[in-house]
Structure formats: C-alpha cells, structure tokens
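Peer 1: Since chain A is already given, all that's left is putting chain B on it; use the hints.
Number of protein chains: 2
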Amino acid sequence: MITQDFRQIFSNSFPFWNRLNQDEIDLVCNNTSLMKYKKGANVHGGGNDCIGALFVKNGGLRTYMLSEEGREITLYRLYEGDVCILSVSCVLKSITFDVFIDAEEDSEILLINAGAFSQLAKQNIYVECFAYQLATERFSDVMWVMQQILFMSFDKRLAVFLNDELAKTGGDTVKLTHEQIARYMGSAREVVSRMLKAFASEGIVELGRGDITILNRKKLKDLF
Amino acid sequence: MITQDFRQIFSNSFPFWNRLNQDEIDLVCNNTSLMKYKKGANVHGGGNDCIGALFVKNGGLRTYMLSEEGREITLYRLYEGDVCILSVSCVLKSITFDVFIDAEEDSEILLINAGAFSQLAKQNIYVECFAYQLATERFSDVMWVMQQILFMSFDKRLAVFLNDELAKTGGDTVKLTHEQIARYMGSAREVVSRMLKAFASEGIVELGRGDITILNRKKLKDLF
Numbered sequence: 037m038i039t040q041d042f043r044q045i046f047s048n049s050f051p052f053w054n055r056l057n058q059d060e061i062d063l064v065c066n067n068t069s070l071m072k073y074k075k076g077a078n079v080h081g082g083g084n085d086c087i088g089a090l091f092v093k094n095g096g097l098r099t100y101m102l103s104e105e106g107r108e109i110t111l112y113r114l115y116e117g118d119v120c121i122l123s124v125s126c127v128l129k130s131i132t133f134d135v136f137i138d139a140e141e142d143s144e145i146l147l148i149n150a151g152a153f154s155q156l157a158k159q160n161i162y163v164e165c166f167a168y169q170l171a172t173e174r175f176s177d178v179m180w181v182m183q184q185i186l187f188m189s190f191d192k193r194l195a196v197f198l199n200d201e202l203a204k205t206g207g208d209t210v211k212l213t214h215e216q217i218a219r220y221m222g223s224a225r226e227v228v229s230r231m232l233k234a235f236a237s238e239g240i241v242e243l244g245r246g247d248i249t250i251l252n253r254k255k256l257k258d259l260f
Numbered sequence: 037m038i039t040q041d042f043r044q045i046f047s048n049s050f051p052f053w054n055r056l057n058q059d060e061i062d063l064v065c066n067n068t069s070l071m072k073y074k075k076g077a078n079v080h081g082g083g084n085d086c087i088g089a090l091f092v093k094n095g096g097l098r099t100y101m102l103s104e105e106g107r108e109i110t111l112y113r114l115y116e117g118d119v120c121i122l123s124v125s126c127v128l129k130s131i132t133f134d135v136f137i138d139a140e141e142d143s144e145i146l147l148i149n150a151g152a153f154s155q156l157a158k159q160n161i162y163v164e165c166f167a168y169q170l171a172t173e174r175f176s177d178v179m180w181v182m183q184q185i186l187f188m189s190f191d192k193r194l195a196v197f198l199n200d201e202l203a204k205t206g207g208d209t210v211k212l213t214h215e216q217i218a219r220y221m222g223s224a225r226e227v228v229s230r231m232l233k234a235f236a237s238e239g240i241v242e243l244g245r246g247d248i249t250i251l252n253r254k255k256l257k258d259l260f
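Chains A and B, in that order, give the protein sequences.
Counting in the numbering used here, the first sequence runs from 37 upward without gaps.
Counting in the numbering used here, the second sequence runs from 37 upward without gaps.
Extracted from the complex, chain A is given alone in its bound form:
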C-alpha cells in the first residue's frame, strides 16, 4: 500500500480527519504501516510496549487480561473498520493499566505509530477527544463483561457465550474445546464441562470432539 491508500481509508473512517491541517495529514500517512498478523499472533501486551493506534483493515482482534497464572478474560473484540486505542495507551495519561491483544483471525492492520499519534493528540484536541471517546466505549464493553462475571450465574453466562459465538460464526456449531471456552470465560475446564453435560442432558446441545452443536436455540435463549 502507498500513502495515498491510507489517506483514502482514514478520511472515510476518522471523524477528526477534516480537522487536520495538511502537515497533520502528512504526519499520519507517513507514519502508518500495513501489518499482517496470522491467526493467534500476539499484537500487543506484556511489557511496556506501546506500538501505536491500530486500524483493523480486515480480520479481527481480541483484547484480554492475563493473570500471573495465565488465566485470560476476554474484554472485547474489534473487527473491520474498528480502531484500537489501548495499544497506544502511553499517549493517554488517564490509562494506567495494560491489556493483551491477539489477532483472532488472519488480520491486516494499519498501524499509526505511537510517536506520530502522540504528537497529533497533543497538538489537535479533536484527535485527543476521539481517543478518549474510544477509550470510554471500551470502558462500556468492560463494564458489560464485569457484570457478566460478577452477577450472572454460570449457566446463564455459558448460554450467553454460546449464543454470541453462534451469532459471530453463523451455523449451529461452536468449534471450541471446553478448555478454550473456559479460558475465554475466565473459568475452569471442569466447570464448563459439567455445565455442558447438564445442557446436553436437557437436549439443548450435543457434544462432539472439539465442538458443540446447539440443538435447541430457544431453550438456550430461555436460560438468559
């Protein structure tokens, strides 16, 4: 891709674009690169890295927290046209935590490097405001997850999870192991397996090797 292509995509996507002067537009475009990530690759996280703002050209990113013991809690997912701002959290002094970001499928990402984005946010209030507004949207996502974790009983949570997976992938089958589901839900494999068996005994799901077929969507939805 050449700079002109970035310009085209960004001008259609960033609400602040028409508030940039020519120097600022050049600054963005000259500091953007096209990154390709394979499914499962780590994009951001761990140390004090602050790679920059990520624009998802295609594919999908999953953001999660990681405990010392390696437990993962999925916070939210980003898809085509979304912008990830927590990967440039060093620019936003109000963000004092760090998260992990993985490519959930093969993804093409436009990366605006942290230095350029920082300069832009400092000199242009519209860019700064855009960044904080995006962070606040993610705050809403995280509050939703927190409510699920704290207040929903596990059968409800699992039913919501399976339903969301179906909505995401289409069809009637969730191609995940019990281990993976436990990891995504911040639970233990045993807990997931026990609840899935209960669902199977009620005719809601059928358990296969490495996948789960939903037999009765209505009964699944009645759980939440």
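Since the hints were derived computationally from the structure, they do not count as laboratory data.
Be aware that one or more of the hints could be misleading.
If chains are identical, the list can't say which one is meant, so a pair holds when it fits in one copy or spans any two.
Once the Cα atoms are required to be at most 27 Å apart in a straight line, the calculated DSSO-like pairs of lysine-lysine come out as [unchecked claim]: (1) K257 x K204; (2) K204 x K129; (3) K129 x K158; (4) K204 x K255; (5) K72 x K204; (6) K211 x K254; (7) K255 x K72; (8) K75 x K192; (9) K93 x K255; (10) K211 x K192.
All values reported here derive from a predicted model rather than from experimental measurement.
Peer 2: Chain B only, in chain A's frame:
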C-alpha cells in the same frame, strides 16, 4: 452560595475554564446548585436519571455496581475537588452502563445540571474532551478493581483492602463491620469473618466490636 462563588471554584478546578466564552461561563454558573447529602444518602442510580456533573466541594462519594440480588461492588471513590462524570452519562453517548453513587460521608456537592452540561459539551470540544478523559480515568479505576476480583486470592484482597482503609483514614483502626467489608469487597460476611479470624490468629489484626485494629502492618503488607 451565589453564582460568583461557583465561578471562583470552577475556574480553579476545570482545565477547560479558560476555553469558555462569557456565555458559556454564565451557562455553567446559572445552572449550578449546591446540594447537601447526608452520609449514606443515594446521589445517583437506579433508573434512567442523569442528574448532571458533580463537583465534590467537600465530603466523599462512593460509586458502585448493584446486582439484582442487591450485591454491591465498589468501583471507586471521589473526594474533595474531584468531578463525577458518570452521573451525567446521558450526555456521553459512549457510556452505555449505569452505576450507583452514594455519599459516603456528609457531603456538599456542586451540581451542574445535565441540560447545561450537555449543551456545553456539544458546543465546546474542550469540555467534551474533559468529560471523556475523566471517564477514561474511571475506566482505569474499574480495571484495577476487576483485576483484584478476578485474579487475587481473597487473603491478598482483604489485606489490600485493610491497608487502603488505613491509608484513607489514618491511624491503625478500620471502623467497619465484617458485613460492611463484605459489601464493599463484593464478598460474603462469612468469608470476611473467617479470613479476619485467620489474620487475628497470626497476630496481624485484633478484632473488636465493629472495628479491626491492625497490629502488624509489615505482616499485612507481606500478604500482597
């Protein structure tokens, strides 16, 4: 208080103040009122209320989530000079959740009503940016709470809680019942009592009627 007093306080506290024109300054000051809340009073929450932006003149506010069963999880506290923006979440379209806010002590609050604040945020980007930046700071607070809840074992969490309380109130005594601690930590009274007894048997605390005295701060801190 008269309008002139609000102006004095706000001009010292709001970073956007020198970006307001005279009409905007008048708009804020003419739509601010001094509210007094008794300790324990509910300030915001529940329905779709959106009272406005709250400036803590003195006292303290506690923000929490509430489950259907009445369980509370404290998200953060605000003190003198802090501004609460989640009480005006209807103005910020990126906030899609609601929280509860109580006065934790007798408090005087300057309330900028939602209509005026909304108009201000719409017409002045610096006000909008201030609001989203504040929301992002609260995002960081909530992520901290979430990490505590998800990843820390309960002895660690309780030790951190007691230590934070000491830091807040000074002295060596935490004047809270086990029931109250459980409520603040999103746990059960039995769990708190059991852990406190374990701490007492190790000589870390001494349990009184309605209070807990920390005997050995070093051992308390060693827990986290």
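Peer 1: What hint numbers does the structure not satisfy?
Peer 2: 7, 8, 9
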